[in-house]
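Asker: Chain A is fixed; fit chain B onto it per the hints.
Chains as they are written, first to last, in the numbering used here: chain A, 43 to 571; chain B, 43 to 571.
It is worth saying that the hints were derived from the structure and are not from the lab.
Just so you know, nobody snuck in bad clues.
Chain copies aren't distinguished; within one or between two, either way the pair holds.
Restricting the straight-line Cα-Cα distance to at most 30 Å, the calculated cross-link-like pairs of lysine-lysine (BS3-like) are: (1) K243 / K161; (2) K241 / K194; (3) K432 / K402; (4) K212 / K371; (5) K96 / K147; (6) K212 / K243; (7) K140 / K241; (8) K402 / K467.
Protein chains: 2
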Amino acid sequence: MNKKALAILMRARMRPTDPTKLVFSPLSNDVSQMLPNSRPNIEHHEDENEKLNKQRSFEIVRESMYSAISMNKTQVLDTVLNDFSEGYFSLSFENRTKLLLTLAKDYDLNRTQVRELIKQYLGIQLPNGGVEDEAFLSTFYRIERNLRHSLKPVYEILFERLNTHPGGLKFLTILRADILSILTEENIPSLRALDSYLKEKLSTWLSPAALELHQITWDDPASLLEKIVAYEAVHPISNLIDLKRRLGVGRRCFGYFHSAIPGEPLIFIEVALLKNVAQTIQEVLWDHPPIPESEATCALFYSISSTQPGLAGINLGKFLIKRVITLVKRDMPHISVFATLSPIPGFMQWLLSKLASQSKLAQAEDVSDSSTDGFGLTFYENLLEPEEEKALIDSSGDLAAGKNGMEIMLNLLTPTTHEWANSAKLLSALRPPLLRLCARYLLQEKKRGKALDSVANFHLQNGAMVQRINWMADRSEKGLCQSAGIMVNYVYRPENIEEYAQSYFSTGHIHCSYVVQRYLSSTDMSSTC
Amino acid sequence: MNKKALAILMRARMRPTDPTKLVFSPLSNDVSQMLPNSRPNIEHHEDENEKLNKQRSFEIVRESMYSAISMNKTQVLDTVLNDFSEGYFSLSFENRTKLLLTLAKDYDLNRTQVRELIKQYLGIQLPNGGVEDEAFLSTFYRIERNLRHSLKPVYEILFERLNTHPGGLKFLTILRADILSILTEENIPSLRALDSYLKEKLSTWLSPAALELHQITWDDPASLLEKIVAYEAVHPISNLIDLKRRLGVGRRCFGYFHSAIPGEPLIFIEVALLKNVAQTIQEVLWDHPPIPESEATCALFYSISSTQPGLAGINLGKFLIKRVITLVKRDMPHISVFATLSPIPGFMQWLLSKLASQSKLAQAEDVSDSSTDGFGLTFYENLLEPEEEKALIDSSGDLAAGKNGMEIMLNLLTPTTHEWANSAKLLSALRPPLLRLCARYLLQEKKRGKALDSVANFHLQNGAMVQRINWMADRSEKGLCQSAGIMVNYVYRPENIEEYAQSYFSTGHIHCSYVVQRYLSSTDMSSTC
Chain A
43 MNKKALAILM RARMRPTDPT KLVFSPLSND VSQMLPNSRP NIEHHEDENE KLNKQRSFEI
103 VRESMYSAIS MNKTQVLDTV LNDFSEGYFS LSFENRTKLL LTLAKDYDLN RTQVRELIKQ
163 YLGIQLPNGG VEDEAFLSTF YRIERNLRHS LKPVYEILFE RLNTHPGGLK FLTILRADIL
223 SILTEENIPS LRALDSYLKE KLSTWLSPAA LELHQITWDD PASLLEKIVA YEAVHPISNL
283 IDLKRRLGVG RRCFGYFHSA IPGEPLIFIE VALLKNVAQT IQEVLWDHPP IPESEATCAL
343 FYSISSTQPG LAGINLGKFL IKRVITLVKR DMPHISVFAT LSPIPGFMQW LLSKLASQSK
403 LAQAEDVSDS STDGFGLTFY ENLLEPEEEK ALIDSSGDLA AGKNGMEIML NLLTPTTHEW
463 ANSAKLLSAL RPPLLRLCAR YLLQEKKRGK ALDSVANFHL QNGAMVQRIN WMADRSEKGL
523 CQSAGIMVNY VYRPENIEEY AQSYFSTGHI HCSYVVQRYL SSTDMSSTC
Chain B
43 MNKKALAILM RARMRPTDPT KLVFSPLSND VSQMLPNSRP NIEHHEDENE KLNKQRSFEI
103 VRESMYSAIS MNKTQVLDTV LNDFSEGYFS LSFENRTKLL LTLAKDYDLN RTQVRELIKQ
163 YLGIQLPNGG VEDEAFLSTF YRIERNLRHS LKPVYEILFE RLNTHPGGLK FLTILRADIL
223 SILTEENIPS LRALDSYLKE KLSTWLSPAA LELHQITWDD PASLLEKIVA YEAVHPISNL
283 IDLKRRLGVG RRCFGYFHSA IPGEPLIFIE VALLKNVAQT IQEVLWDHPP IPESEATCAL
343 FYSISSTQPG LAGINLGKFL IKRVITLVKR DMPHISVFAT LSPIPGFMQW LLSKLASQSK
403 LAQAEDVSDS STDGFGLTFY ENLLEPEEEK ALIDSSGDLA AGKNGMEIML NLLTPTTHEW
463 ANSAKLLSAL RPPLLRLCAR YLLQEKKRGK ALDSVANFHL QNGAMVQRIN WMADRSEKGL
523 CQSAGIMVNY VYRPENIEEY AQSYFSTGHI HCSYVVQRYL SSTDMSSTC
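Isolated chain A (complex conformation) (with noise of 0.2 Å):
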């Protein structure tokens, strides 16, 4: 990097490390935060005039859509595209809504003249395979696909001419996150439609065919690596000298860029080269010098972080980890592991639920335990071992109270001070029940089939195998908050990625460990390992 470019990203605001704002969330204020006026405050003490100024550039963006859409097909396209993205962005976000309910309206299909099609198309014989005239038959293809043409809505137009224009899929992304902004405020139908179409097209631009990987380095320019520091969704990037580390010796970062969305990567991975899978993060972010890269036998993956918010709900990462894997394999033989050392970032959320239903269950439980009949009309779980609950009320003291030791834990877990973490005597009474309840987490808990857990559901779908589960991997604030500082180790062997990804993905099968596989009680193991 020259000097001109280091003195860029040294004024370059690195990213705050408060903790709600770590996660780059699609649906957060963050698009804002990246782009200059793109959704100015709404000004408290507006007069007339202003109103009036803003209802007539609503106006003018409206026309030029209008114009985006209609237009016959020439080079003065270009022109009124601009004209459109710009004026987009200099719309407060009540008139962005208010557009972008216009399009998903007025710009929608057109109703009559499906069902005009759909007459014609059902006035016609199936063909039955067998000899048929030839003009029927060509009569009949056209009709149907008339009629596939006429169930697209108008606004693909938009959408496809936005692609082909420069910059223009950019555009798209942080139309999506406004969007998918509107859609958390209200649940509005059209809208929705008009989402999951434009999602559905964002897919198929942003194949994994029409994605590069690059290796990113200290090499790139200030504006590429200011934007890792930004984007860095699971390890906050907190100085320049962290950022020069993790682009440094022993370390590698891959990113996936599209040709139109040029000096930004659509998602990064940060890899470490290690002689042994990490277990905690920290010895991956700051550990002493890191070993001689010719030593390494390990590669892990300790970060994956999508840019674009608008991408929500679009797996880049699909074959991400395989590609990495086979450039690390080639340029580094000696590399045989290959491991994640990954967040769990639903488990908390997941257990203090649990813990408060069950606890209010055991608590019924006893009402009606003590009633005439003997018999409950719910069915608890404890979700402690006998041991594990006994040695928790020995060692709560007077740090949290409660009826039975999942109401204790769930008193200890709740509060965001964190207190338990600095207590030996409660870190190792959590310690059993939390692993094995983080592993029952991981294996058992599903929905439609699927690890509950993103992270898990993401790794497993590419093939990989549940290998470790670490305890205090993650004494971050971010950590104990989401998985009570407990991270995992996810495998991936090249020799069995396909074959787990098949029987994860048909049977919803996850491959672990013998070590992890033992957290679990024997009566449960049915659907793991």
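Answerer: Just chain B, lined up with the frame of chain A:
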């Protein structure tokens, strides 16, 4: 280029100069020349065993095609897609046809499902734009989306999966080239429907946004340069010196590349840097030492070639010229004129058929003239002016007979020996009518409101104007066959490109220079200039 690459290139078979093979027709067998094994000859004496083997290998490929479509989406897919595409290449043309028909018919859409969804769709009312029940609207949009999806043929899955598979996009273009070959032999409606669907898909994937413009130079790999030699469709490259020349001083070559088809351009354009707009192709291809680039004022586009027969009908050149102009202007601000020296591929075909039909009509008119009523039932048009006709009759001598000027002209121009081009007398007699009729062909002969000539239509829709028509500009066999040796200069004026493209698009209006305009008699000028 290094020595090894050069050696490889030296050995590369140069394109044969057989003029019938000059145009790299999408429907020709050239595909198989490019790809060893792509279309094996059908053996004439195959015994029962061989037949059985062929049948068996057909079934294996069909099986892998089936798996490629029906498999769950995992990484095993890669292997299956490889099996399928390798298997496909091993099939005889006959079996490929059989396979493609299976794909078109058996993996078409599920019409029972379509009718079921249509029934559901017709069962609910249109949203009327007023306040509606949210749940109802959600259902409505869901059914609409399902109907839209159900109208997509099942084979779309195969296309989509191939597109995201390494080498798959290239494979799809070869598949389509085969489909087009089959369709020229027989019009099979189901296969035509498949082709039109595949073409739509390819157009989306090959949008200008997905294409990268690169300059091709002598430093590029021999494997790439070999393709330039093989694919040059306008002015065949005869030897290594010729190729080196086209990439050297005073010349540029730019190609559109797609990241999924590395190492070969999908379309490329050759540019000469000159002092003046060239009037003959010979001065471009064989001029003496080129002028210093700093003295050039004109960039002449003298050849545009598409390389993939399977991409026929997909306009890849749309933004190519505009982008090249921008690039050249940026690097060489002293260049202010952007022109082409273009073939007129359809002129002779149009002229000969016009001469044949009109001279027949003329004879019929003569007969009816000599009959008693004096009113002919047909109206013929003498394509020649009186003085042109006289000059032709005077100069034709023994070379061609005929009852009138048009028939003489027809008989002079038809033989592929082109003896007229060696006679000074005939050249001077033919020059005025040929230039005049060529202007008429370019400016006034339309098909669906657009220029009949495909090259003219290409440049006009890109925003060019017709600048000059050049006599004896291409004396090659091909030039004489296509357009009696005439070529045309189209000119791109950067400041008018958008306006001209727009007016051509919306009204079919063709801009031309005063010189070209003069060829047309004043009475005929309504639709031009």
